[in-house]
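Throw the hints in and build the complete structure from the sequences for me.
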Amino acid sequence: MITLYGIKNCDTIKKARRWLEEHDQPYQFHDYRIDGLDENLLKKFIDELGWEALLNTRGTTWRKLDEAQKASVKDTSSAIALMLEMPAMIKRPLLCAPGKPMLLGFNDSGYQTYFDEV
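Take the sequence shown: its position 38, counting from 1, is numbered 1062 in this note's numbering, and each next residue is one higher.
Check before you lean on any hint, since a few could be wrong.
[To be verified] Calculated cross-link-like contacts (lysine-lysine; reagent style PhoX-like; alpha-carbon spacing at most 25 angstroms): (1) K1039 x K1124; (2) K1068 x K1124; (3) K1124 x K1032; (4) K1067 x K1124; (5) K1098 x K1088; (6) K1068 x K1094; (7) K1068 x K1115; (8) K1098 x K1115; (9) K1067 x K1098; (10) K1068 x K1038; (11) K1032 x K1088; (12) K1094 x K1115; (13) K1032 x K1067; (14) K1038 x K1124; (15) K1115 x K1039; (16) K1094 x K1067; (17) K1032 x K1115; (18) K1115 x K1088; (19) K1038 x K1088; (20) K1038 x K1115; (21) K1032 x K1068; (22) K1068 x K1098; (23) K1067 x K1115.
[Stated by the list, open to error] What follows is a set of in silico ranges between Cβ atoms, one per label pair, in the way DEER data are often shown: (24) R1057 x T1100: 20 to 30 angstroms; (25) Q1136 x S1096: 32 to 42 angstroms; (26) N1131 x E1072: 15 to 25 angstroms; (27) G1123 x I1031: 24 to 34 angstroms; (28) R1042 x A1095: 33 to 43 angstroms; (29) A1095 x H1047: 37 to 47 angstroms.
Think of the hints as simulated: they come from the structure by calculation, not from any bench.
The beta carbon of each residue, even a glycine, is placed where N, CA and C say it ideally should be.
As structure tokens, this is what we get:
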């Protein structure tokens, strides 16, 4: 089963969900805020994508941090601690399909290519 990870009120998540539904791709949605996020799952994401790719430093949540908080994120363990505390820090959407690499972010052509390779 395909799993889409993110936060339901995110505009990009809404676009990804709409794309999946319009293209008859069954999926389950995992909302970090409602369904939770544990360290093991986050480590799985980081093992494949790297913490630098996963940490959203362009979003509102990051911009609201003070400089000391931003500067404290310098390795995997500090990034994990921050993302567990504030799941909105995780770039989204994150798409996981069995037997395929994880896909981070959304655009129409990227999703089309991803599913054409099935």
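- Task: Sort out whether K1115 lies within 25 angstroms of K1068, counting only the CA atoms.
- Result: Judged against 25 angstroms, a Cα distance of about 15 angstroms means the pair holds.
- For the pair supplied as a hint, K1094 and K1067, confirm whether the alpha-carbon distance does not exceed 25 angstroms. Distance ~20 angstroms between K1094 and K1067 Cα, so the pair holds.
- Query: So does A1095 sit 37 to 47 angstroms from H1047, Cβ to Cβ?
  - Reply: Hint holds: Cβ distance 42 angstroms, inside 37 to 47 angstroms.
- Keeping to a limit of 25 angstroms between CA atoms, is the pair of K1098 and K1115 held or broken? holds (17 angstroms)
- Message: Tell me if the straight-line CA distance from K1032 to K1115 falls inside 25 angstroms.
- Response: Holds. K1032 to K1115 sits at ~13 angstroms (cutoff 25 angstroms).
- Query: Is it true that R1057 and T1100 lie within 20 to 30 angstroms of each other by Cβ?
  - Reply: holds (23 angstroms)
- Item | Hinted pair K1068 and K1098, Cα distance within 25 angstroms | holds (19 angstroms)
- Message: Would the hint linking K1032 and K1088 be met if the CA-CA limit is 25 angstroms?
- Response: Judged against 25 angstroms, a Cα distance of about 20 angstroms means the pair holds.
- Message: K1068 and K1094 were given as a pair; does the straight-line alpha-carbon distance stay at or below 25 angstroms?
- Response: holds (23 angstroms)
- Does the structure keep K1038 and K1088 at a Cα separation of 25 angstroms or less? With a Cα-Cα distance of about 23 angstroms, the restraint between K1038 and K1088 holds, given a limit of 25 angstroms.
- Query: Between K1068 and K1038, does the CA-CA distance stay at or below 25 angstroms?
  - Reply: Given that 25 angstroms is the threshold and the Cα spacing comes to 24 angstroms, the pair holds.
- Are the Cα atoms of K1098 and K1088 separated by 25 angstroms or less? Holds: K1098 and K1088 sit about 18 angstroms apart, inside 25 angstroms.
In summary, this structure violates none of the numbered hints.
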